[in-house]
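Asker: Taking the hints into account, I'd like the entire structure generated from these sequences.
Chains as they are written, first to last, in our numbering: chain A, 1 to 127; chain B, 1 to 146.
Take these hints with a grain of salt, some might be off.
Here are the computed lysine to aspartate or glutamate pairs in the EDC-like style, where the Cα-Cα straight-line distance is at most 20 Å [unchecked claim]:
1) Lys-83/A - Asp-17/A
2) Lys-75/A - Glu-50/A
3) Lys-25/B - Asp-56/A
4) Lys-45/B - Asp-35/A
5) Lys-10/A - Glu-50/A
6) Lys-75/A - Asp-35/A
7) Lys-79/A - Asp-56/A
8) Lys-46/B - Asp-35/A
9) Lys-3/B - Glu-53/A
10) Lys-104/B - Glu-50/B
11) Lys-75/A - Asp-56/A
12) Lys-10/A - Asp-22/A
13) Lys-45/B - Glu-108/B
14) Lys-77/A - Asp-104/A
15) Lys-104/B - Glu-71/A
16) Lys-77/A - Asp-56/A
17) Lys-32/B - Glu-88/B
18) Lys-46/B - Asp-22/A
19) Lys-32/B - Glu-9/B
20) Lys-45/B - Asp-22/A
21) Lys-3/B - Glu-95/A
22) Lys-83/A - Asp-104/A
23) Lys-10/A - Asp-82/A
24) Lys-3/B - Asp-104/A
25) Lys-104/B - Asp-22/A
26) Lys-77/A - Glu-50/A
27) Lys-75/A - Asp-40/A
28) Lys-46/B - Glu-108/B
29) Lys-79/A - Glu-95/A
30) Lys-3/B - Glu-50/A
31) Lys-47/A - Glu-71/A
32) Lys-25/B - Glu-50/B
33) Lys-75/A - Glu-53/A
Chain B regions said to be covered by chain A (calculated; three or more residues, Cβ under 8 Å) [what the hints assert, rightly or not]:
34) 12–25
35) 42–49
Calculated from the model, a selection of chain B residues having no Cβ within reach of chain A, i.e. all distances over 10 Å [what the hints assert, rightly or not]:
36) Leu-4
37) Lys-32
38) Ser-64
39) Ser-87
40) Glu-89
Please keep in mind that the hints were generated in silico from the structure rather than gathered at the bench. Predicted, not measured: the structure shown is a model, and the values here were computed from it. The beta-carbon is built from N, C-alpha and C at its ideal position, and this holds for glycine as well.
Read off the chains here:
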Amino acid sequence: MNPVNIPNVKIAVIDNDLLVRDFIVTVLMYCVNRDVLSFDNGLAAWKYIEANESPDMIISEIDVPGLNGFELMAKFKEKSPDKKCLLMSENPANEQLARNSGADAFLAKPVSVNDLFRVVQTFVVKD
Amino acid sequence: MIKLGPTSEEMRAMSEDDVFSSRLKLLIIMAKAYLRNCPLGNYRKKAIIENANHVFYHSLHLVSESSVLKDNSLEIPADIVSREKTSEEHLFHQRVQLLAVMAKALAEDRLRGNFRKKALTDNLNMICETLIFKFQIRDVNFLKVA
Chain A
1 MNPVNIPNVK IAVIDNDLLV RDFIVTVLMY CVNRDVLSFD NGLAAWKYIE
51 ANESPDMIIS EIDVPGLNGF ELMAKFKEKS PDKKCLLMSE NPANEQLARN
101 SGADAFLAKP VSVNDLFRVV QTFVVKD
Chain B
1 MIKLGPTSEE MRAMSEDDVF SSRLKLLIIM AKAYLRNCPL GNYRKKAIIE
51 NANHVFYHSL HLVSESSVLK DNSLEIPADI VSREKTSEEH LFHQRVQLLA
101 VMAKALAEDR LRGNFRKKAL TDNLNMICET LIFKFQIRDV NFLKVA
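Answerer: Shown next, in the form of C-alpha cells:
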C-alpha cells in the first residue's frame with residue numbers, strides 16, 4: 001500500500017441505498033484504514049458538515065432525499081472550496097450536469113471496486 | 001472532472017448481485033493483500049470483518065433459497081437455477097463461505113501457521129480459477145453462433 005497523502009483523511013458517503021452505501025464505505029474504510037462517515041440523505045450530511053470540520057472528500061449519489069447531490073455539493077464547495085466532491089449516478093444525463101456544476105469526479109453506476117480504488121489513488125494517496 | 005465507471009450505455013442501478021460480486025472481489029483482494037504481508041490497521045480489520053459477513057450471508061442465502069425451494073418441490077426462479085444447478089457451483093459457494101470465515105479469522109489474528117495460510121492460498125486459487133473460467137465462457141459467447 002502507498003503512503004497516505006492526506007493524513008487522517010475524512011471521507012463522507014451519501015446514498016439512500018443501504019447496500020450500495022455500505023459497500024462503498026467498506027471499500028474506502030479498507031483502503032484508507034480510517035473511519036468513513038455515512039449518510040442516507042443530503043440534509044443529514046449537510047447538517048453534519050455545517051456543524052463540524054468538513055470532510056476532505058464527499059461521495060454523493062445525485063438522487064438522494066433532503067438535499068440532492070448537486071445542492072449538497074454547492075453548499076459543501078461554498079464552505080470548503082478546496083475539498084473534493086464526487087457525484088454518483090445511474091443516469092447518463094447527469095454526467096454533463098455534474099461537469100457543469102463543478103464536480104471533481106463523476107462515478108457512473110454500477111460502481112466497481114476498481115473505480116473506488118482509483119478514487120483513492122487519485123484523491124487520497126500519493127503516486 | 002474525471003469520469004469513472006461504465007460507459008453511458010452500460011449505466012444502471014446496482015443490483016444485489018452487483019454488490020455481491022463486487023464484495024467477493026474485494027474479499028479476494030483483502031485476502032491476497034494479507035498473504036503479501038500488507039499491513040492491517042484497526043479500520044482495515046473492521047472492513048474485512050464487515051465484508052466477510054456480507055459475502056458469507058449473501059452466499060448462504062443464495063444456497064439456502066435454492067434448497068428450500070427444492071425441498072418443497074417449488075419452482076426455482078431461473079436466475080437461481082443458473083447459479084445453483086450444478087454441484088460445482090454449490091461447491092463454489094461453499095468455498096466462498098470458507099473464504100469469508102478465513103478472512104474473519106485473519107482480521108481477528110486467528111489465522112496463524114503456514115498450513116492455514118496455505119489453505120487460504122489454495123481456496124483463493126480455486127475461487128479465482130472458477131471465476132476466470134466463468135468469465136472466459138461468458139467472454140466467448142459469440143462462439144455459440146456459427
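Asker: Does each hint hold? Answer for all of them.
Answerer: Results of checking the hints against the structure:
{"no.": "1", "hint": "Lys-83/A - Asp-17/A", "in the structure": "24 Å, violated"}
{"no.": "2", "hint": "Lys-75/A - Glu-50/A", "in the structure": "9 Å, holds"}
{"no.": "3", "hint": "Lys-25/B - Asp-56/A", "in the structure": "27 Å, violated"}
{"no.": "4", "hint": "Lys-45/B - Asp-35/A", "in the structure": "11 Å, holds"}
{"no.": "5", "hint": "Lys-10/A - Glu-50/A", "in the structure": "15 Å, holds"}
{"no.": "6", "hint": "Lys-75/A - Asp-35/A", "in the structure": "23 Å, violated"}
{"no.": "7", "hint": "Lys-79/A - Asp-56/A", "in the structure": "12 Å, holds"}
{"no.": "8", "hint": "Lys-46/B - Asp-35/A", "in the structure": "9 Å, holds"}
{"no.": "9", "hint": "Lys-3/B - Glu-53/A", "in the structure": "27 Å, violated"}
{"no.": "10", "hint": "Lys-104/B - Glu-50/B", "in the structure": "9 Å, holds"}
{"no.": "11", "hint": "Lys-75/A - Asp-56/A", "in the structure": "14 Å, holds"}
{"no.": "12", "hint": "Lys-10/A - Asp-22/A", "in the structure": "16 Å, holds"}
{"no.": "13", "hint": "Lys-45/B - Glu-108/B", "in the structure": "7 Å, holds"}
{"no.": "14", "hint": "Lys-77/A - Asp-104/A", "in the structure": "11 Å, holds"}
{"no.": "15", "hint": "Lys-104/B - Glu-71/A", "in the structure": "39 Å, violated"}
{"no.": "16", "hint": "Lys-77/A - Asp-56/A", "in the structure": "11 Å, holds"}
{"no.": "17", "hint": "Lys-32/B - Glu-88/B", "in the structure": "23 Å, violated"}
{"no.": "18", "hint": "Lys-46/B - Asp-22/A", "in the structure": "13 Å, holds"}
{"no.": "19", "hint": "Lys-32/B - Glu-9/B", "in the structure": "33 Å, violated"}
{"no.": "20", "hint": "Lys-45/B - Asp-22/A", "in the structure": "15 Å, holds"}
{"no.": "21", "hint": "Lys-3/B - Glu-95/A", "in the structure": "8 Å, holds"}
{"no.": "22", "hint": "Lys-83/A - Asp-104/A", "in the structure": "9 Å, holds"}
{"no.": "23", "hint": "Lys-10/A - Asp-82/A", "in the structure": "14 Å, holds"}
{"no.": "24", "hint": "Lys-3/B - Asp-104/A", "in the structure": "9 Å, holds"}
{"no.": "25", "hint": "Lys-104/B - Asp-22/A", "in the structure": "18 Å, holds"}
{"no.": "26", "hint": "Lys-77/A - Glu-50/A", "in the structure": "12 Å, holds"}
{"no.": "27", "hint": "Lys-75/A - Asp-40/A", "in the structure": "17 Å, holds"}
{"no.": "28", "hint": "Lys-46/B - Glu-108/B", "in the structure": "9 Å, holds"}
{"no.": "29", "hint": "Lys-79/A - Glu-95/A", "in the structure": "23 Å, violated"}
{"no.": "30", "hint": "Lys-3/B - Glu-50/A", "in the structure": "28 Å, violated"}
{"no.": "31", "hint": "Lys-47/A - Glu-71/A", "in the structure": "13 Å, holds"}
{"no.": "32", "hint": "Lys-25/B - Glu-50/B", "in the structure": "14 Å, holds"}
{"no.": "33", "hint": "Lys-75/A - Glu-53/A", "in the structure": "14 Å, holds"}
{"no.": "34", "hint": "12–25", "in the structure": "holds (count 10)"}
{"no.": "35", "hint": "42–49", "in the structure": "holds (count 6)"}
{"no.": "36", "hint": "Leu-4", "in the structure": "4 Å, violated"}
{"no.": "37", "hint": "Lys-32", "in the structure": "12 Å, holds"}
{"no.": "38", "hint": "Ser-64", "in the structure": "19 Å, holds"}
{"no.": "39", "hint": "Ser-87", "in the structure": "29 Å, holds"}
{"no.": "40", "hint": "Glu-89", "in the structure": "22 Å, holds"}
Taken one by one, the earlier hints fail for this structure at numbers 1, 3, 6, 9, 15, 17, 19, 29, 30 and 36, listed in ascending order.
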